[in-house]
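S.K.: Chains A and B supply the protein sequences, listed in that same order. Anchor point for the first sequence: position 41 equals 41 in my numbering, and the numbering is continuous, going up by one each time. Anchor point for the second sequence: position 204 equals 485 in my numbering, and the numbering is continuous, going up by one each time.
Treat the hints as calculated values from the structure; they're not laboratory data. Please note that a few of the clues may not be correct.
What the hints assert, rightly or not - When the alpha-carbon atoms are kept at most 30 Å apart in a straight line, the in silico BS3-like pairs for lysine-lysine are as follows:
#1 31/A / 319/B
#2 312/B / 38/A
#3 541/B / 17/A
#4 31/A / 283/B
#5 38/A / 298/B
#6 2/A / 319/B
#7 530/B / 31/A
#8 532/B / 507/B
#9 319/B / 260/A
#10 38/A / 319/B
#11 17/A / 283/B
#12 541/B / 31/A
#13 38/A / 541/B
#14 312/B / 2/A
#15 31/A / 298/B
#16 312/B / 17/A
#17 312/B / 31/A
#18 298/B / 260/A
#19 298/B / 2/A
#20 476/B / 532/B
There are 2 protein chains.
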Amino acid sequence: MKIHYECFACAANQCQKIVEMATDNLQLRKKGVIEASKLMASIDENSIPAIFGSEVFLGVYRAVGNDDPFKEYKEISNRLAEEIVKDFEDVDLRSSLKLAIIGNVVDFAVGYSPEKLESDVKEMMKEELQVNDSDELFEQLSLAKTLLYLTDNCGEIYFDLLFLRKIREAFPGLKIYIAAKEGPIINDATVEDLKRAGFGEIGNVISTGARVVGVPFELTSEEFRKVFEGADVIIAKGQGNFETLSERKDKRVFYLLKAKCRPIARELGVPQGALLCIRSQ
Amino acid sequence: MKIHYECFACAANQCQKIVEMATDNLQLRKKGVIEASKLMASIDENSIPAIFGSEVFLGVYRAVGNDDPFKEYKEISNRLAEEIVKDFEDVDLRSSLKLAIIGNVVDFAVGYSPEKLESDVKEMMKEELQVNDSDELFEQLSLAKTLLYLTDNCGEIYFDLLFLRKIREAFPGLKIYIAAKEGPIINDATVEDLKRAGFGEIGNVISTGARVVGVPFELTSEEFRKVFEGADVIIAKGQGNFETLSERKDKRVFYLLKAKCRPIARELGVPQGALLCIRSQ
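Bound-form chain A, shown alone (with noise of 0.2 Å):
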């Protein structure tokens, strides 16, 4: 997906909130606005938000000398979203695959604060997918000897987890590969991350070879676009995945997310807000 109209000041908002919990030197905070000025001056009308708003995002970071703002909110989005998933364990693999959308309401990028994940958890599962290729997608995996998992913020990965779990019970003979991102990058999960949370009892935990939201192919590793060539479906969580492999049209490919801004609800066609699993055209 390439840039619409709003990303601009989106990333400007996001550079401000950066240096915000970056650090409370003002002059500091003002050295990285003014350093994201100058990246963001690369953009055209073909970037991908997810890619340019990850290097402004590490230019900024730079500029602050803070190499991991996020690392409290990331640690409190897994802290609860840990505890709040303990209420789920019995569901069945359908409603955790509705956890699994709901948890991506855990994003930094439209201002999320992670102490509301309970409420909201429940209040949106009284919520229809307004997009649901479920049945697609578990005929596929009915019929796939790999899966690969991409995952995105902290606190959802633990939707994740579960999800995962009922997919492993429901298709023992599936190979499982989960993928995070290399290094810090705003809120999204890392390697470690995911090692952290229990993931290797599920599969193989890969690292997509970047710092970058999303899968940003030309900067994923050979490793990593080996694993992606080679599965038979691919689930892509959350925006920043989406933005990346949308131009792709890769039917292996399911996106679940939650469509938070205006663009990429405008891009999919349904409502701001809405819980999708889309399979890609």
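Got chain A sorted already, so can you dock chain B onto it with the hints?
M.R.: Only chain B this time, still in chain A's reference frame:
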């Protein structure tokens, strides 16, 4: 006033609102924000928000092919303010000063919706000024031969007109100049707006010579600078005039404004939202 760290994202958000007001065409909106991203790369730690903002905004106007995206916003602001001010024609000089400060609430830059004006004015009339140098202002006016009044936004100018009528009654010997912008820039009043509102009955309506928010000295006309140098008292309305004048530390200047954003409040050491009549130090 030099930029604070919040000014970058604020300018980006204003650019988004500008393209939304300027056109319904999504491609053109995208072109506008991409142009903004290039122009905003020129900011540095010494940039003055009103000046770099105006440069960026005019570039966006050109990119989207709309020379005055605020035409309707300004017309609505003027019409509503003119009606509201009619209810206050019999107030005294001090109340008219307070109303002139309250009128400064009409401000696109902070996302103000002019439809709220009537109820907001009534509410704010109950507030006290947080800094009130009006005794000094009136003393200086009683000694002055010439007053230069720097206007700010459309809508607000009808509150200025009331205040200036009361000034003329109280200080009948005073020569009064009223300045506005040379051409349309966001929702600032232009010379044409002042003439249409009837400022010609009060004094000499003059242009700053610049199509820029505030009073950017190096960009103003020689004629304007002559009036500025010769004035005994200068009343400067709003944030843009404060931003461009504050570093001159000119004791002839009295700032009348509402501290609408965090940087201005921080710079002045007052709570955000404060109503202020402050003599320049």
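S.K.: Each hint needs a verdict: does it hold in this structure or not?
M.R.: Right, here's what the structure says about each hint:
1. 31/A / 319/B: Since the Cα atoms of residue 31/A and residue 319/B sit roughly 18 Å apart, the hinted pair holds (cutoff 30 Å).
2. 312/B / 38/A: holds (18 Å)
3. 541/B / 17/A: Distance of about 20 Å is within 30 Å: holds.
4. 31/A / 283/B: Distance of about 13 Å is within 30 Å: holds.
5. 38/A / 298/B: holds (22 Å)
6. 2/A / 319/B: Roughly 18 Å separates the two Cα atoms, so the pair holds.
7. 530/B / 31/A: Holds, because 26 Å separates the two Cα atoms, which is no more than 30 Å.
8. 532/B / 507/B: Between residue 532/B and residue 507/B the Cα gap is close to 17 Å, so the pair holds against 30 Å.
9. 319/B / 260/A: holds (27 Å)
10. 38/A / 319/B: Holds, at roughly 8 Å.
11. 17/A / 283/B: Judged against 30 Å, a Cα distance of about 20 Å means the pair holds.
12. 541/B / 31/A: holds (23 Å)
13. 38/A / 541/B: Distance ~27 Å between residue 38/A and residue 541/B Cα, so the pair holds.
14. 312/B / 2/A: holds (13 Å)
15. 31/A / 298/B: holds (25 Å)
16. 312/B / 17/A: Holds - the C-alpha atoms of residue 17/A and residue 312/B are around 25 Å apart, at most 30 Å.
17. 312/B / 31/A: Holds, at about 27 Å.
18. 298/B / 260/A: holds (20 Å)
19. 298/B / 2/A: holds (20 Å)
20. 476/B / 532/B: holds (29 Å)
In the structure shown, no violation is registered for any of the earlier numbered hints.
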